[in-house]
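Going down the list, the sequences are from chains A and B.
The first sequence begins at 1 in our numbering and counts up by one.
The second sequence begins at 1 in our numbering and counts up by one.
Keep in mind that the hints were calculated from the coordinates and are not lab data.
Treat the hints with caution; some may be incorrect.
Stated by the list, open to error - Not the full set, but computed from the structure, chain B residues with beta-carbon under 10 angstroms of chain A:
no.: 1; residue: K39
no.: 2; residue: T121
no.: 3; residue: F167
no.: 4; residue: A175
no.: 5; residue: N184
no.: 6; residue: E234
no.: 7; residue: R370
Claimed, not checked - With a straight-line cut-off of 30 angstroms between C-alpha atoms, the simulated DSSO-like cross-links for lysine-lysine are:
no.: 8; chain 1: A; residue 1: K199; chain 2: A; residue 2: K20
no.: 9; chain 1: A; residue 1: K35; chain 2: B; residue 2: K95
no.: 10; chain 1: A; residue 1: K126; chain 2: B; residue 2: K392
no.: 11; chain 1: B; residue 1: K392; chain 2: A; residue 2: K35
no.: 12; chain 1: A; residue 1: K126; chain 2: A; residue 2: K20
no.: 13; chain 1: B; residue 1: K383; chain 2: B; residue 2: K339
no.: 14; chain 1: B; residue 1: K392; chain 2: A; residue 2: K192
no.: 15; chain 1: B; residue 1: K39; chain 2: B; residue 2: K95
no.: 16; chain 1: B; residue 1: K339; chain 2: B; residue 2: K392
Unchecked claim - Computed spacing ranges between beta-carbons, pair by pair:
no.: 17; chain 1: A; residue 1: A188; chain 2: B; residue 2: F297; range: 27 to 33 angstroms
no.: 18; chain 1: B; residue 1: L308; chain 2: A; residue 2: E240; range: 37 to 43 angstroms
no.: 19; chain 1: A; residue 1: A184; chain 2: B; residue 2: L308; range: 32 to 38 angstroms
Idealized CB from N, CA, C, for every residue including glycine.
Here's the letter readout for the chains.
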Amino acid sequence: MKKTSHLSVLQGETGEGLAKNALAVRGLTVSYGEKPAVFSVDMTVEAGSMTAIVGPNGAGKSTLLKAVLGVINPLSGQTTVYGRPLEMERHRIAYVPQRASVDWDFPTTVLDVVLMGLYRELGLLKLVRARHRQVATEALERVGMESFADRQIGQLSGGQQQRVFLARALAQGADIYLLDEPFAGVDAATEKAIIAVLKTLQSQGKTVVAVHHDLATVETYFDHVFLINQRKIAEGPVAETFTADNLQSTYGGRLATAQLDRLSEVG
Amino acid sequence: MLWQALTLQLGYNATLVTLGALLLGVAAGGTGTFLFLRKRALVSDAISHATLPGVGLAFLVMVALGGDGRNLAGLLFGSAITAWLGLLTVQWLNKHTRLSEDSAIGAVLSVFFGAGVVLLTVIQTMSQGRQAGLDSLLLGSTAGMLFSDAAMIAAGGAVVLALALLFRRPMTLVAFDANYAAANGLNVSRIDLLTMGLVLAVTVVGLKIVGLILIVALLIIPPVTARFWTDRAEEVWLISGAIGGAAGYLGAAISASAPNLPTGPIIVLVAFALFTVSLFFAPARGALSSVLRHRRFQRHVHRRQGLLALANGLPIYERYTMRLLSQEGLIRPDGVATKIGERQAASAMQDEHRWRLLREMPAHEDIAARYDGLSGLETILTKDQLRDLDAKLAEGKT
Numbered sequence: 001m002k003k004t005s006h007l008s009v010l011q012g013e014t015g016e017g018l019a020k021n022a023l024a025v026r027g028l029t030v031s032y033g034e035k036p037a038v039f040s041v042d043m044t045v046e047a048g049s050m051t052a053i054v055g056p057n058g059a060g061k062s063t064l065l066k067a068v069l070g071v072i073n074p075l076s077g078q079t080t081v082y083g084r085p086l087e088m089e090r091h092r093i094a095y096v097p098q099r100a101s102v103d104w105d106f107p108t109t110v111l112d113v114v115l116m117g118l119y120r121e122l123g124l125l126k127l128v129r130a131r132h133r134q135v136a137t138e139a140l141e142r143v144g145m146e147s148f149a150d151r152q153i154g155q156l157s158g159g160q161q162q163r164v165f166l167a168r169a170l171a172q173g174a175d176i177y178l179l180d181e182p183f184a185g186v187d188a189a190t191e192k193a194i195i196a197v198l199k200t201l202q203s204q205g206k207t208v209v210a211v212h213h214d215l216a217t218v219e220t221y222f223d224h225v226f227l228i229n230q231r232k233i234a235e236g237p238v239a240e241t242f243t244a245d246n247l248q249s250t251y252g253g254r255l256a257t258a259q260l261d262r263l264s265e266v267g
Numbered sequence: 001m002l003w004q005a006l007t008l009q010l011g012y013n014a015t016l017v018t019l020g021a022l023l024l025g026v027a028a029g030g031t032g033t034f035l036f037l038r039k040r041a042l043v044s045d046a047i048s049h050a051t052l053p054g055v056g057l058a059f060l061v062m063v064a065l066g067g068d069g070r071n072l073a074g075l076l077f078g079s080a081i082t083a084w085l086g087l088l089t090v091q092w093l094n095k096h097t098r099l100s101e102d103s104a105i106g107a108v109l110s111v112f113f114g115a116g117v118v119l120l121t122v123i124q125t126m127s128q129g130r131q132a133g134l135d136s137l138l139l140g141s142t143a144g145m146l147f148s149d150a151a152m153i154a155a156g157g158a159v160v161l162a163l164a165l166l167f168r169r170p171m172t173l174v175a176f177d178a179n180y181a182a183a184n185g186l187n188v189s190r191i192d193l194l195t196m197g198l199v200l201a202v203t204v205v206g207l208k209i210v211g212l213i214l215i216v217a218l219l220i221i222p223p224v225t226a227r228f229w230t231d232r233a234e235e236v237w238l239i240s241g242a243i244g245g246a247a248g249y250l251g252a253a254i255s256a257s258a259p260n261l262p263t264g265p266i267i268v269l270v271a272f273a274l275f276t277v278s279l280f281f282a283p284a285r286g287a288l289s290s291v292l293r294h295r296r297f298q299r300h301v302h303r304r305q306g307l308l309a310l311a312n313g314l315p316i317y318e319r320y321t322m323r324l325l326s327q328e329g330l331i332r333p334d335g336v337a338t339k340i341g342e343r344q345a346a347s348a349m350q351d352e353h354r355w356r357l358l359r360e361m362p363a364h365e366d367i368a369a370r371y372d373g374l375s376g377l378e379t380i381l382t383k384d385q386l387r388d389l390d391a392k393l394a395e396g397k398t
């Protein structure tokens with residue numbers, strides 16, 4: 001597993017040339033009311049890397065993702081995508097929101113949800129044609145959900161819903177994938193399936209950034225980590241950055257010492 | 001009389017009203033769908049009540065300028081302005097104060113409506129006001145509708161409908177997943193404002209026929225009714241428009257067929273009748289079909305449990321299971337399995353074994369995901385696949 005991740009980092013460096021960074025965020029501050037949720041954060045995501053955004057509850061992880069995408073307006077700060085302003089490169093980013101953020105009783109089928117991924121292409125007027133359905137079906141195949149295409153989305157389990165959301169992002173054919181807690185409340189099989197899809201994306205030179213909660217799997221799933229607790233604590237390759245000290249600074253006294261011990265042994 | 005009304009043979013005025021109501025209904029049903037999908041149905045109530053002060057103000061302005069205070073276009077224009085103010089007030093209160101949307105709606109609705117009633121009361125005391133009949137816009141009135149009125153209602157409805165059709169995709173996307181829509185570069189608050197603007201337009205256009213108090217019904221009942229029939233947003237939209245149109249047409253025709261039947265309320269009652277029929281009888285999500293589906297499912301479960309109990313020689317405790325099995329001739333009155341019962345029990349047992357093995361096999365993951373504990377595997381797998389599976393089963397046993 002380690003081997004593949006090294007390889008693709010190299011690909012990212014050589015393949016993209018000058019625009020080595022898929023995402024660069026500078027001085028990002030977001031606040032709800034008077035309390036900053038994210039304060040003056042810089043973030044750099046290498047093209048072709050797979051980054052976990054890690055931090056305690058309420059540390060601003062989801063907020064960071066949303067602000068990077070302009071889903072919520074930051075107080076200050078800006079995002080560049082492959083060295084260009086976000087608005088010019090928006091089509092190269094696919095977003096997978098938290099599963100719990102939508103109403104799954106909404107009258108729509110699995111295939112229709114995935115077709116939403118083609119919104120930028122379809123616009124207001126274009127009709128959904130066979131080739132669009134083809135793209136959507138292929139996206140569903142990649143997450144193993146093609147036999148559910150005609151189901152109403154309310155009939156799906158949590159893990160299946162998450163796969164459908166991932167398929168919608170895949171249908172976009174983007175270069176950067178931003179996922180908000182893709183493993184929250186999904187079973188082990190789905191987690192495995194999703195991580196396999198993400199690794200495949202990485203092997204194709206795509207960039208993946210995910211808000212992640214499970215400290216135990218950070219090292220196996222990701223090659224880069226971004227530690228945040230309102231402010232940036234640290235970022236970089238997992239091997240150098242995901243250390244007991246940094247985690248202590250991120251979580252404060254809240255992290256179980258057993259976990260820290262295990263990490264310092266590994267480190 | 002009713003038949004003549006339905007076939008538009010009841011005179012010029014009745015025909016105008018009926019066709020106008022048809023278009024209004026289609027526009028209201030189509031637009032209301034997005035309001036319903038966005039879960040902001042009650043905003044329409046604030047909008048409609050906020051039209052009233054605009055009506056009064058427009059009347060006063062037109063009279064002051066020496067014109068005819070009853071000019072419908074002028075009245076509707078005035079109502080649109082205060083309705084827009086009301087809508088913006090709701091949005092502002094919701095965004096910049098700690099008031100939630102429902103409280104903001106309550107506040108705006110009552111204050112604007114109160115102001116409107118005061119204005120109308122003042123107008124009643126004026127000599128020009130007494131015959132103006134502005135209060136007819138509360139519940140709608142179609143007596144003496146002019147061709148120009150009908151044409152305006154029809155044109156307004158058609159424009160609203162066209163806009164709703166044009167923007168249905170972004171409005172649906174925002175309604176389902178506003179975050180994702182924003183990440184795709186859509187301006188969510190602008191789309192929301194567009195949805196509300198269309199609702200406002202329908203409300204204003206509908207003042208003459210349905211009145212401001214009941215227009216909400218025409219916006220909300222059709223999509224809610226359509227939801228019983230389908231699980232797809234696009235079809236909700238279509239069906240909702242059809243239901244709104246049917247309610248408008250039938251309601252207007254019924255009210256024209258007899259004296260003293262108010263048009264607006266009758267249209268709403270027809271919409272409600274369609275709602276009730278759908279609630280009980282719609283095949284997708286209606287109450288009757290879900291009861292029947294549940295019954296069928298329950299029967300299926302009991303039968304299967306009973307057969308498995310027979311196969312394993314276990315006693316059956318449930319009366320319902322016993323009755324079911326004996327009705328089908330699978331057990332004798334004393335609870336012992338008949339010949340057919342034994343055969344079916346054995347095949348149910350075999351199906352259980354097959355399923356258990358299949359669910360352990362990674363190659364059949366997608367089929368295993370369809371496991372419901374009830375469907376026979378022979379309905380899903382091909383004969384060859386079944387033979388392979390049985391071969392594996394036999395292997396496992398030895």
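For each hint, the structure was consulted:
no. : hint                                  : result
1   : K39                                   : 8 angstroms, holds
2   : T121                                  : 42 angstroms, violated
3   : F167                                  : 7 angstroms, holds
4   : A175                                  : 8 angstroms, holds
5   : N184                                  : 6 angstroms, holds
6   : E234                                  : 8 angstroms, holds
7   : R370                                  : 7 angstroms, holds
8   : A:K199 <-> A:K20                      : 19 angstroms, holds
9   : A:K35 <-> B:K95                       : 17 angstroms, holds
10  : A:K126 <-> B:K392                     : 51 angstroms, violated
11  : B:K392 <-> A:K35                      : 63 angstroms, violated
12  : A:K126 <-> A:K20                      : 35 angstroms, violated
13  : B:K383 <-> B:K339                     : 26 angstroms, holds
14  : B:K392 <-> A:K192                     : 27 angstroms, holds
15  : B:K39 <-> B:K95                       : 17 angstroms, holds
16  : B:K339 <-> B:K392                     : 28 angstroms, holds
17  : A:A188 <-> B:F297: 27 to 33 angstroms : 29 angstroms, holds
18  : B:L308 <-> A:E240: 37 to 43 angstroms : 58 angstroms, violated
19  : A:A184 <-> B:L308: 32 to 38 angstroms : 37 angstroms, holds
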